[in-house]
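Order-wise, the sequence lines are chains A and B.
According to this note's numbering, the stretch in the first sequence is residues -6 to 594, in order.
According to this note's numbering, the stretch in the second sequence is residues 11 to 276, in order.
Derived by calculation from the structure, the hints in this document are not laboratory data.
Predicted model only: the values in this text are computed from it and were never measured.
A couple of the hints might just be wrong.
Claimed, not checked - Listed next, the in silico DSS-like pairs over lysine-lysine satisfying Cα-Cα at most 27 Å (straight line): (1) A/455 - B/254; (2) B/93 - B/185; (3) B/83 - A/574; (4) A/455 - B/238; (5) B/12 - B/93; (6) B/12 - B/46; (7) A/574 - B/93.
Claimed, not checked - To give an idea of the chain A side of the interface with chain B (calculated C-beta under 8 Å), a few residues: (8) 157; (9) 261; (10) 264; (11) 268; (12) 344; (13) 345; (14) 348; (15) 529; (16) 533; (17) 569; (18) 582; (19) 583; (20) 584.
Glycine included, each C-beta is placed from N, C-alpha and C at the ideal position.
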Amino acid sequence: MSTVTVPVKTEPGHAPATKAGSLSTFLSTYVFSKDHKVIGLQFLFSTLLWFLVGGLLALAVRWQVAWPWSDVPVVGKLFAQEGGQMAPEFYTMLFTMHATVMIFLVIIPILAGAFGNFLIPLMIGADDMAFPTLNMLSYWFMWPAFIAFGASFFVEGGAASSGWTSYPPLSTNVASSPGSGWGQTLWLIGLTFVGVSSMLGSVNYMTTIILMRAPGMTMFRLPMTIWAMFITAVLQAFALPVLTAAGFMQLADRMFATGFFSPEGNIVNNSVAGPGGGQPLLWQHLFWFYSHPAVYIMILPAMGMVSDILTCFARKPLFGYRPMVYSIAGIAGLGFIVWGHHMFMSGMNPALGITFMVSTMMIALPSAVKTFNWLGTVWGGKIQFTTAMLFALSFVSMFIIGGLSGIFMAATPVDIFIHDTYFIVAHFHYVLFAGTAMGVWAAIYFWYPKMFGRTMNEFWGKVHFFLTFLFLNGTFFTMHILGAVGFPRRLADAYHYETFHHLQPLNAFMTYCAMGMVATQIIFAINFFWSMFFGPVADRNPWNANGLEWTAPSPPGHGNFDYQPVVYRGPYEYSVPGADKDHLMQTDPPNAAAAAAAASH
Amino acid sequence: MKRLSGMFWALLFLAVPVLGVATFAVAPSINVWLPKDVSAHGHEIDSLFYFILALTGVVFVATEVALFWFMWKYDAAARQGEKATYIHGSHTLEVVWTIIPAATLLFLAIYQMNAWANVKMRRPDMPPTVEVVGRQFEWRLRYPGGDGLLGTPDDLHLVNDLHLPVDEQVLVQLKSMDVLHSFFLPNLRIKQDAVPGMKIPVWFQGTETGSWDIVCAELCGWGHYKMKGRITFVTRPEFDAWLKRKTAEQNATQPVAEASAEIVAN
């Protein structure tokens, strides 16, 4: 029903015709490229670089939490006013920018930008995206954001420091915080550009997936990665306009004193602030209307990629393909009506809170269904413990923790106690770091041969996995019990409270683990770059996987496939009884499969 | 060798539920656990916490152990010559593992509503005992004077030092002067954001005399960490005497009419 034949271009119009070494050729091939693979890699390199920045910011945060007001080693002199100590306003800036960088410059662009770009055309059998120029722009619109966020560290007052949620009036009132000056304005500008970039990407992904699938590639033969990318793109397209509008309103509040979010008679720092007539809660509603769906934007693609990797290394079909698709769609649909669970304590009508509580409880259901199906996929398999598989398995293991801890805060009475404590910090780090980041590593190890034509070192990959797995649990699992004490987030120093004064040793332990976790990434970085030049050369299908991307050369040239792939079956035909090999690729002609099926029945 | 490495990875994943449960088991004995509850409603919240902990704990252990067992048993190195099971799913299983969690979650949703309503929706019909106003970076307190009304010249103004009578329902009127704050009383299982432009009622009942922390739980600027107050529960006679003494102190330092605005803390 939905097979669309795309004319095979012999000479793609947007390709450099020759490999002449002129500057313009270099620029159009590697810099302003319209090739989805180059754009994907540009996203990958940029986001990995920001991943490093975000990780170092996290270390600085952890330093202050473990040893408040002590001299910061090595880099202390660079930013500290008094000796090597950290100022409290510097600390608020650190956690604000850690979250901002990780969410807007790492997780969202690495999933949709890097892997979405690289994988979508390859996995659906297209020669490129539907709109290559738009695709190029989606990357280059990240640069104003990179510059705005990066430059904000160096303006007077420092970068934004009102949390990644940027709640007004703290964020709109310049007098309320040192970081509420230029830093906050640049933050809003950066956010807008990230939004524009995501929007350009999502339009492109939707169009490409709907219109450019190879012959035979019906919607229900799509790999889970593509389903996840597709639904993520839909989420972005519908949720982002709200955030962009809200961002402009906040910008107007700051620059033109419009007062959308400031109430009458607000007095900040002993002076009357703003014209009034607005409501701080309005921002929270608009912000979370985007940012809750964004939570799923930050995990669904990883779920999709992990599903593909699990099946490949369990050598087994995906358990419950359709339920998996429906549960992603269910998460996306419900994702739009649960935003209020971030606002149970906000002063929002508590009766409305009950409505959001019920919808939030229900959104746990599709996640549970996905988890059971992943377990079903591994059950009865023939598991190959590659690095990619270990990361994918750990995604499942860690996502269980992150999913279950969410039930605590969905329960509104319990949320009264744990809201804004480290229990929440534990929860979203289990979903976003132990979940998404581990999924991203799985994807990097898995698709690396396709990206660079060489395989990463397996031994050092496993060392990287083992240490990351240990240290991440050391850092984040302990946060649960810290949250059970009520230990609040975002405090530069909580030990002067009687309730929390005894928690410093535990925090020191977590900081040591965090240091180990960051240091472990050196192994990954060396492996990543070393393998690019010296790793073992990979053939087209090093893992014996089924997807269309594995029929293309490694790395694929411009236009991807050397012939038009035609799809005969779903992506998970592993260990088909009677077949002469243990996997049937999506392009393997049906006579082999029919013979196999006849033999087995 | 390959089999050994498969066993190693499976055991690593088994460590997740083992150490996870151990962490929660040890936490109370090292005093990294729910702080002492001194409120009349707190046990409802705590027992719900324990209920969810038990429920999620069972699911956590069951799924993690299943994952370990599958990794252990279905290691390719242990299945030489065999093929993986060729199965695309099971309709029965899908129905079972959809309906059971759905029913559990729905039960949980309905079960907790009463506790939420008690803390946040069933406002007692009484005038505010005290007004708490968040301000960067302190808690400003205002007690009604002899007339029992807030906003009159005989109000008593204090900072950070909240006294309340024990074993009595109290109603706090929560406001903010500048930015968002959150009025967090860990030992009373109370948390409520203070929002500029809103008057939010907060009610609770202390069950034990003594003094506990007031924490700001919503980022309010560079000094967020030091926005500390103390809540002290005393008996009713002691409370009345304390009010009288503080009012006398206030009248001695400032004429009544001017007392409404400037109180310099500490």
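Hints, verified against the model:
| no. | hint | result |
| --- | --- | --- |
| 1 | A/455 - B/254 | 70 Å, violated |
| 2 | B/93 - B/185 | 67 Å, violated |
| 3 | B/83 - A/574 | 23 Å, holds |
| 4 | A/455 - B/238 | 47 Å, violated |
| 5 | B/12 - B/93 | 17 Å, holds |
| 6 | B/12 - B/46 | 51 Å, violated |
| 7 | A/574 - B/93 | 11 Å, holds |
| 8 | 157 | 10 Å, violated |
| 9 | 261 | 4 Å, holds |
| 10 | 264 | 10 Å, violated |
| 11 | 268 | 13 Å, violated |
| 12 | 344 | 6 Å, holds |
| 13 | 345 | 11 Å, violated |
| 14 | 348 | 10 Å, violated |
| 15 | 529 | 19 Å, violated |
| 16 | 533 | 22 Å, violated |
| 17 | 569 | 6 Å, holds |
| 18 | 582 | 20 Å, violated |
| 19 | 583 | 17 Å, violated |
| 20 | 584 | 19 Å, violated |
Consistency note: the structure conflicts with the earlier hints numbered 1, 2, 4, 6, 8, 10, 11, 13, 14, 15, 16, 18, 19, 20.
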